[in-house]
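Colleague: The lines below spell out each chain.
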Amino acid sequence: MHVPNNISKEEKLISIKGLYKSFGTNHVLRGVDLEVYRRENVVVLGRSGTGKSVLIKIIAGLLKPDAGEVFVLGNDVQHLNAKELRELRLKLGFSFQSSALYDSMTVRENLEFPLVQNYRHLKRSQINEAVEQVLEGVGLSQTINQMPAELSGGQRKRIGIARTLILKPEIMLYDEPTAGLDPITSIDINNLINEVQQRYHTTSIIITHDLTCAKTTGDRVAMLLDGKFLRQGSFEEVFASDDERIKGFYDYNFIEQ
Amino acid sequence: MNGKENLEYKPGKLAAFFISIYEAFAFVMRFFKEVFRPPFHFREFIRQCYNVGYKSLALISITGFITGLVFTKQSRPSLSDFGATSWLPSLVSIAIIRALAPLVTALICAGKVGSSIGAELGSMKVTEQIDAMEVSAIDPYRYLVVTRVMATTFMLPLLMFYTGFVGMMGSFLDVHANEQTSFTSFFENALSSINFLDYWTSIVKALIYGFTIGIVGSYKGFNASNGTTGVGHAANSAVVTSMFLIFIEEIIIVQISNFIRMP
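Heads up: the sequence lines are chains A and H, in that order.
Okay, so the first sequence: first residue is 24 according to the numbering used here, each after it adds one.
Okay, so the second sequence: first residue is 171 according to the numbering used here, each after it adds one.
Excised from the complex, chain A in its bound form:
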C-alpha cells in the first residue's frame, strides 16, 4: 500500500512548460505543463497513443521536443551538451515498458554494465557487492546467472528496475511498469515501486493506463488527453470529475479488470 510521501513543495525536480511534440501529422503533445517535486510519485494516466511515453522520453533526452521547456534537476535538457547530458542521466533511472534487458548478457552482466562503464575505477568486489545488493532489493538473487530469455515478464521488469537502481538515481521514470503482467505480478511491481521510493528516496514519474497502479503508487495523478493534461490531483480528485472522457476511462478500466 502506498504511504504518502514527505513531499517538499519548495523543490521542483522536474519542470515542463508548453511542451509540443508531433510525429508527422500526429500531434502527440500539445502544450503540456508539469511540475514534479522532490520525493513525489506522479502518475501520468492516459489511453494508449496519447504521448505518455513520449513525455518521459523527452525528459530523459531521448527525444527532442518541437517546442517548450524541460528542466530536470535545474538543467535545461534541450541545451545540454553530451557531457552534461551524460552527467544528468546518471541521476535518472528509466524503466522501459519492454524492460530492455541486454539479450546477450546474463542478469549479473546486465546489472553491472552501467556501473562498469560509468565508474571504471571500481574494484570487482565493489561491483559484485552492488549487484548482489540491488538484486536482493528486488527479490531475485537466485536469477543472477540466468539469461533474460529465461526470465518471466515480471522478473524481467524487476531486473530492469534493478539495473536502473544500481546507479542510485534521484529520479525514476517508469514506462508502463505493469503492462502485460497478470494482476498478482502487477501488485508486486506496484509494491516494488513504492519500496524503491521509500528506500532510495526517489522522485518518480509513472506512466500507466492501469488504474490500480495509479491508485497504489501515485501521490498525484495527471490525466493526459488529447495532448494536454486534462486534470491533476489525487486519484480521488481526478476521478471525481464530471468530464465524460475521464468517466469513460475509469469505466473502461473497471470493465477491463
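Just so you know, not all the hints are guaranteed correct.
[As the list claims (entries may be wrong)] The calculated lysine-lysine pairs, modelled on DSS-like cross-linking and capped at a C-alpha distance of 27 Å, are:
{"hint": "1", "chain 1": "A", "residue 1": "270", "chain 2": "A", "residue 2": "238"}
{"hint": "2", "chain 1": "A", "residue 1": "106", "chain 2": "H", "residue 2": "183"}
{"hint": "3", "chain 1": "A", "residue 1": "114", "chain 2": "A", "residue 2": "35"}
{"hint": "4", "chain 1": "A", "residue 1": "87", "chain 2": "A", "residue 2": "251"}
{"hint": "5", "chain 1": "H", "residue 1": "183", "chain 2": "A", "residue 2": "87"}
{"hint": "6", "chain 1": "H", "residue 1": "203", "chain 2": "A", "residue 2": "87"}
{"hint": "7", "chain 1": "A", "residue 1": "251", "chain 2": "A", "residue 2": "35"}
{"hint": "8", "chain 1": "A", "residue 1": "191", "chain 2": "A", "residue 2": "238"}
{"hint": "9", "chain 1": "A", "residue 1": "238", "chain 2": "A", "residue 2": "251"}
[As the list claims (entries may be wrong)] Some chain A residues near chain H, calculated using beta-carbon distances under 8 Å:
{"hint": "10", "residue": "83"}
{"hint": "11", "residue": "97"}
{"hint": "12", "residue": "103"}
{"hint": "13", "residue": "106"}
{"hint": "14", "residue": "109"}
{"hint": "15", "residue": "117"}
{"hint": "16", "residue": "140"}
Note that these hints are calculated values from the structure, not bench results.
Cβ atoms here follow ideal geometry from the backbone N, Cα and C, with glycine treated the same way.
Add chain H to chain A, keeping to what the hints say.
Modeller: Then chain H, alone, in the frame of chain A:
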C-alpha cells in the same frame, strides 16, 4: 489548429533522399570523431574480433579453397593449348592475391558479418536496448558501432591473407595432381610474380571493405524501425548495400592501383 503545429515541416521525396544521404554521411563521420576519444571498449572490441574472425573462418576456408581449385582447373585448358601450364602458379597467385582473396573475403563477410551486425543492432534498436544504454549514460555509438567497425576493419586483412593462403593451397592441390609440382617449386613460382604493390593494394582493399561492412551494418541496424520486420530489413539491406559499395570500391581501387603500376 494550434500555431505551433503549423511549424511542422514535411520534406518531399527528393529532400528526404538528400536528408538520408546527409544522415548516413554524418554517421560515418562520427566514427572518425569517436574512434580516438576515450573510453575505449577494448574487451568489446576483442569480442567482436572473435565474432568476425573465428566465426567466419569455416565458410572462408571452404570458399577460398574451392575458389583456388576451380580457378586453376578452369585456367588449365587455355594455358595447355599454348603449352604454358607452368605459368599456372603465377597466374593463379596474381588472380588470388590481387583480386579474388580481398573480394571473396569481403563478399562472404558482407553476407555473414554484415547481416549479423545489422540484425543484432536492429533488434537492440526495436527492443529499446540502445535507448536503455543511452539513459544509463553509456554512449551506444561508441560501445556498439566503434567496436564493431574497428573489428571488421582490423579482421578483414587477416582473413584476406588466410583466404589467399587457402586458395593457393587449393590451386597447389590441382597443380600437384596434374603436373607433380613440389610444394616449394609451386610457391616459389607463385610468389615470384607478386610484388610489394600487390600486397599493399590488397591490404588497403581489405581495410576499406572491412570498414564498409562494419559501418553499413551498424548504420542499418541503428536506424531499424517497425519491429521485427525492420530487423529483417536492416539485415537484408546491410548485405545488399555493403556488396554494392564493395564492387564500387573495387573498381575505384583497381583504377588507382593500375595508374600507380603504369611505368
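Colleague: Output the indices of the hints that this structure fails to meet, ascending.
Modeller: Of the numbered hints, 2, 11, 12 and 13 do not hold.
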